[in-house]
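In case you want the letters, here they are:
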Amino acid sequence: MPIRCEIVSQDRMVYQGEADMVLLPGSEGMMGILPDHAPLLTTLKLGVVTVRIAGREEYFTIAGGIAEVQPDQVTILADAAENVREIDVERAEAARRRAEEMLAKGIPHDTDAYLAVEAALRRSNLRLDAVKRYGKRDTTLPSRKEE
Amino acid sequence: MSSAREMRMRIRSVKNIAQVTRALEAVSASKVRKAMAAVQATRPYATKAWQVLTHIAGQPGKETLHPLLTRRAEVRKTLVVVISGDRGLAGAYNANIIRFVSQHFDTSPHPVVYVAVGRKGRDMLLRRRKQIIAEFSNLPAAPSFADVSAIGRLAVDEFLRGEVDEVWLAYTDFVNIVKQEPVLKKLLPLEVHRDERVETYETVHLHAAYIYEPEERQILDEIVPRFTALQVYQAILESLASEHAARMVAMRNATDNAVELVGYLQLMYNKARQQSITNDLLDIAGGAEALAQAMSQR
Numbered sequence: 001m002p003i004r005c006e007i008v009s010q011d012r013m014v015y016q017g018e019a020d021m022v023l024l025p026g027s028e029g030m031m032g033i034l035p036d037h038a039p040l041l042t043t044l045k046l047g048v049v050t051v052r053i054a055g056r057e058e059y060f061t062i063a064g065g066i067a068e069v070q071p072d073q074v075t076i077l078a079d080a081a082e083n084v085r086e087i088d089v090e091r092a093e094a095a096r097r098r099a100e101e102m103l104a105k106g107i108p109h110d111t112d113a114y115l116a117v118e119a120a121l122r123r124s125n126l127r128l129d130a131v132k133r134y135g136k137r138d139t140t141l142p143s144r145k146e147e
Numbered sequence: 001m002s003s004a005r006e007m008r009m010r011i012r013s014v015k016n017i018a019q020v021t022r023a024l025e026a027v028s029a030s031k032v033r034k035a036m037a038a039v040q041a042t043r044p045y046a047t048k049a050w051q052v053l054t055h056i057a058g059q060p061g062k063e064t065l066h067p068l069l070t071r072r073a074e075v076r077k078t079l080v081v082v083i084s085g086d087r088g089l090a091g092a093y094n095a096n097i098i099r100f101v102s103q104h105f106d107t108s109p110h111p112v113v114y115v116a117v118g119r120k121g122r123d124m125l126l127r128r129r130k131q132i133i134a135e136f137s138n139l140p141a142a143p144s145f146a147d148v149s150a151i152g153r154l155a156v157d158e159f160l161r162g163e164v165d166e167v168w169l170a171y172t173d174f175v176n177i178v179k180q181e182p183v184l185k186k187l188l189p190l191e192v193h194r195d196e197r198v199e200t201y202e203t204v205h206l207h208a209a210y211i212y213e214p215e216e217r218q219i220l221d222e223i224v225p226r227f228t229a230l231q232v233y234q235a236i237l238e239s240l241a242s243e244h245a246a247r248m249v250a251m252r253n254a255t256d257n258a259v260e261l262v263g264y265l266q267l268m269y270n271k272a273r274q275q276s277i278t279n280d281l282l283d284i285a286g287g288a289e290a291l292a293q294a295m296s297q298r
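Line order of the protein sequences matches chains A and B.
Position one of the first sequence corresponds to residue 1 (the working numbering), numbered consecutively onward.
Position one of the second sequence corresponds to residue 1 (the working numbering), numbered consecutively onward.
Chain A extracted, bound-state conformation (with noise of 0.2 Å):
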């Protein structure tokens, strides 16, 4: 029997649909997650969503966020989520490059704006790895349902 698996950020529905297992960031570090599964709360830090479903594996990236848990549900909240599909490759690669740049030019370490730059930085770098890791192997997948 397959889980319900939402994954919303604070301006969209990412994704909604059934799933056989979910693979989640957790805080703690890195749990997958089965039907029947116990009621659960975590944190989430940056990194890879995966939501398998019959054979298929979907991937997302998100910037950190919560994880509830039910028996039959497993709902995401992210504060940034994406497939990985829809990640514009260029665009990632021209902010990490912006974000390189600002950090080699040397902000004074531990004010706001020197945690920003590295936090952009962070996620430009899982955005482009997640594309080189999993992008390739989206493209034999069929597409994915309509919600």
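There may be inaccurate statements among the hints.
[Said to hold, decoys possible] A few chain A residues that face chain B, going by a derived Cβ cut-off under 10 Å, partial list only:
no. : residue
1   : Glu-6
2   : Gly-26
3   : Ser-27
4   : Pro-35
5   : Pro-39
6   : Thr-42
7   : Thr-75
For the record, the hints were derived by calculation from the structure and aren't laboratory data.
The beta carbon of each residue, even a glycine, is placed where N, CA and C say it ideally should be.
For this one, chain A is given, so just place chain B on it according to the hints.
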């Protein structure tokens, strides 16, 4: 009475105004729809976040679990986040929200400080000599969550530092296209009402069975500031829809008035033209008459 040429120019200028206001009305109409769609898109997250919040904080004995959820015994200073527009020409939209805020907080027994979102609101608050601790203006036409999350963070920071003891959010609720209402919402401390009805054996039992990773307090640390920022985001989108609706109605009224004025001016112009033709005819007839008399007398 002005000359015929002046009247023609006046008619043309009023017609031009009608054209401009009609265009502005159409632009606002499409923006209302977009803003409403954006509000709708935030609903799933808000609903889910609220469920999780009530779930954790609504448990018996957890009322003082987190400083952001704890009501302070004494309120010494209040912060009000006022959301208005950057631009005018929106009927009474900006004036309404400021008047509403004044009605509520001018009589406050303790100091009230403001965060102004939108240039018009900032200007009006300054004119009323209010203390503004921060302003956010020139937001993009379709703000994303990232554009406005700083406002929520500011509110949370001020509250946690003890600078203010409660935070209110004043914005304009979009009821429908012709009705927008200023409303006030308490942002912090976040009030999670425990529903007594659900406190059955089953729910208590289920609560106990929950695994928290990390512990509840840290999860609240993450979720409450996000929820606050989301409420601000929703309020801004809602206000944006209201602003565009108010502007649309104002522009429709302006167009109607202009059309009516053109009708009236056209009538006056036609009357004046007719009058001058009649006068000319009378002149000619009178002249001919006089000439005929002069001829016959000779």
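| query | Which of the stated hints cannot be reconciled with the structure, identified by number in ascending sequence? | reply | 4
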